[in-house]
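Number of protein chains: 2
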Amino acid sequence: MKVKEIMDKEFIVVSADQNIDKVSILMENRKKFTTPVVDDNKRLVGWITSLDVTRGLREGKNKVSEIMHSKDNIVHVHENNPARLAVLEASNHKVVSIPVLDDEGVVVGVIRTFDIVKTLSKLYEIKVYKIFEAMEHELKGVSWNELMEASAIVTRRSTGERVTAEEYEQRIKNSTFGEAIWATGGLEKFFVGLIAIGELVIARKVAKARK
Amino acid sequence: MKVKEIMDKEFIVVSADQNIDKVSILMENRKKFTTPVVDDNKRLVGWITSLDVTRGLREGKNKVSEIMHSKDNIVHVHENNPARLAVLEASNHKVVSIPVLDDEGVVVGVIRTFDIVKTLSKLYEIKVYKIFEAMEHELKGVSWNELMEASAIVTRRSTGERVTAEEYEQRIKNSTFGEAIWATGGLEKFFVGLIAIGELVIARKVAKARK
Chain A
1 MKVKEIMDKE FIVVSADQNI DKVSILMENR KKFTTPVVDD NKRLVGWITS LDVTRGLREG
61 KNKVSEIMHS KDNIVHVHEN NPARLAVLEA SNHKVVSIPV LDDEGVVVGV IRTFDIVKTL
121 SKLYEIKVYK IFEAMEHELK GVSWNELMEA SAIVTRRSTG ERVTAEEYEQ RIKNSTFGEA
181 IWATGGLEKF FVGLIAIGEL VIARKVAKAR K
Chain B
1 MKVKEIMDKE FIVVSADQNI DKVSILMENR KKFTTPVVDD NKRLVGWITS LDVTRGLREG
61 KNKVSEIMHS KDNIVHVHEN NPARLAVLEA SNHKVVSIPV LDDEGVVVGV IRTFDIVKTL
121 SKLYEIKVYK IFEAMEHELK GVSWNELMEA SAIVTRRSTG ERVTAEEYEQ RIKNSTFGEA
181 IWATGGLEKF FVGLIAIGEL VIARKVAKAR K
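Taken in sequence, the protein lines are chains A and B. Be aware that the first sequence starts at 1, since it is given in this note's numbering, and climbs by one per residue. Be aware that the second sequence starts at 1, since it is given in this note's numbering, and climbs by one per residue.
If chains are identical, the list can't say which one is meant, so a pair holds when it fits in one copy or spans any two.
Straight-line Cα separation of at most 30 Å, DSS-like style, residue types lysine-lysine; simulated pairs: (1) K130 - K205; (2) K173 - K4; (3) K94 - K130; (4) K94 - K173; (5) K42 - K22; (6) K189 - K4; (7) K122 - K140; (8) K22 - K9; (9) K71 - K4; (10) K173 - K208; (11) K94 - K118; (12) K42 - K63; (13) K173 - K205.
Treat the hints as calculated values from the structure; they're not laboratory data.
Could you build the full structure based on these sequences and the hints that come with them?
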């Protein structure tokens with residue numbers, strides 16, 4: 001996935017010689033805490049946040065150029081960079097948004113942390129039963145019911161909880177991978193459970209074939 | 001994981017009768033785009049953003065009470081809520097931060113989207129070989145080398161790429177689960193690969209036991 005696939009294209013831009021008063025109204029109306037500052041060719045030259053604006057208004061500054069951070073002092077990414085890079089940049093630099101540039105340095109979008117949260121949520125909020133469907137498809141010769149039975153057995157073995165195959169099926173239909181990870185406290189533990197299920201179901205398949 | 005485990009405890013608070021000028025200086029110095037408004041007992045009564053402050057400064061308002069959103073109109077979560085809830089609230093409401101309350105309605109923290117991004121990154125940026133270590137541990141009687149050989153074979157089968165067991169090992173030592181998911185384009189595909197490896201290694205184990 002690339003930066004351009006998760007960036008916000010509904011961004012606003014301002015120019016360095018614009019009046020701070022007008023810029024603050026634009027930012028308030030469009031609910032933007034940050035905005036790129038661009039030249040006549042829409043190329044990035046700087047960046048302002050609403051906190052730069054409050055300082056500017058209080059100190060009686062007039063132009064955007066008096067409050068902006070120059071391009072060299074801010075984080076920016078290229079539209080073809082991996083989306084992961086933007087996630088790591090936002091995480092490392094504790095910024096709420098990052099301008100996205102094309103080859104010419106033109107601002108083509110803005111990555112916002114809530115867009116990242118949304119993307120990450122979507123990526124991991126897939127239903128757990130989708131993983132079991134993939135497992136059923138991969139483990140040729142194993143039926144869905146056999147998979148659910150093995151899952152119920154593994155759950156009983158590892159947690160002591162008495163759960164039927166039907167209850168297990170209901171559970172994975174309602175829960176997402178994200179929930180499972182947050183609940184088990186980590187990917188490894190979740191995966192160990194899946195491996196145990198896979199192992200049991202394959203052992204049963206082999207035993208059946210021998211008969 | 002609970003909200004209180006990922007919230008920022010280094011937050012600032014302001015009161016409704018404070019002067020906007022002073023509040024704006026505090027927010028600028030502490031780099032906060034938002035802040036809870038609390039009563040004398042630190043209970044949440046409202047919320048302001050830096051965009052409310054720019055409007056207030058421009059329109060010559062004096063007190064926080066003149067610009068704040070009341071508690072009823074904003075998103076807030078309880079410290080014992082699942083952390084996932086805060087993630088979904090931030091994603092759905094497109095907010096950059098959410099106040100966290102205890103049973104008495106006292107503000108005990110603030111969840112910020114870049115904290116969420118950081119947590120999500122950490123959660124998924126575990127090394128892929130950690131999953132293989134869990135697999136080796138779970139599949140008793142299967143050695144690390146057998147696991148790497150099976151992985152190389154599955155990779156060759158599914159992608160046509162000729163990779164040795166040693167190269168495969170190097171690859172999983174350098175890459176993270178997050179990278180693997182972004183690269184394969186989805187969780188199911190990643191798991192299908194792992195299941196295929198598990199199946200092959202178990203089949204070989206069974207064959208060996210029969211000899």
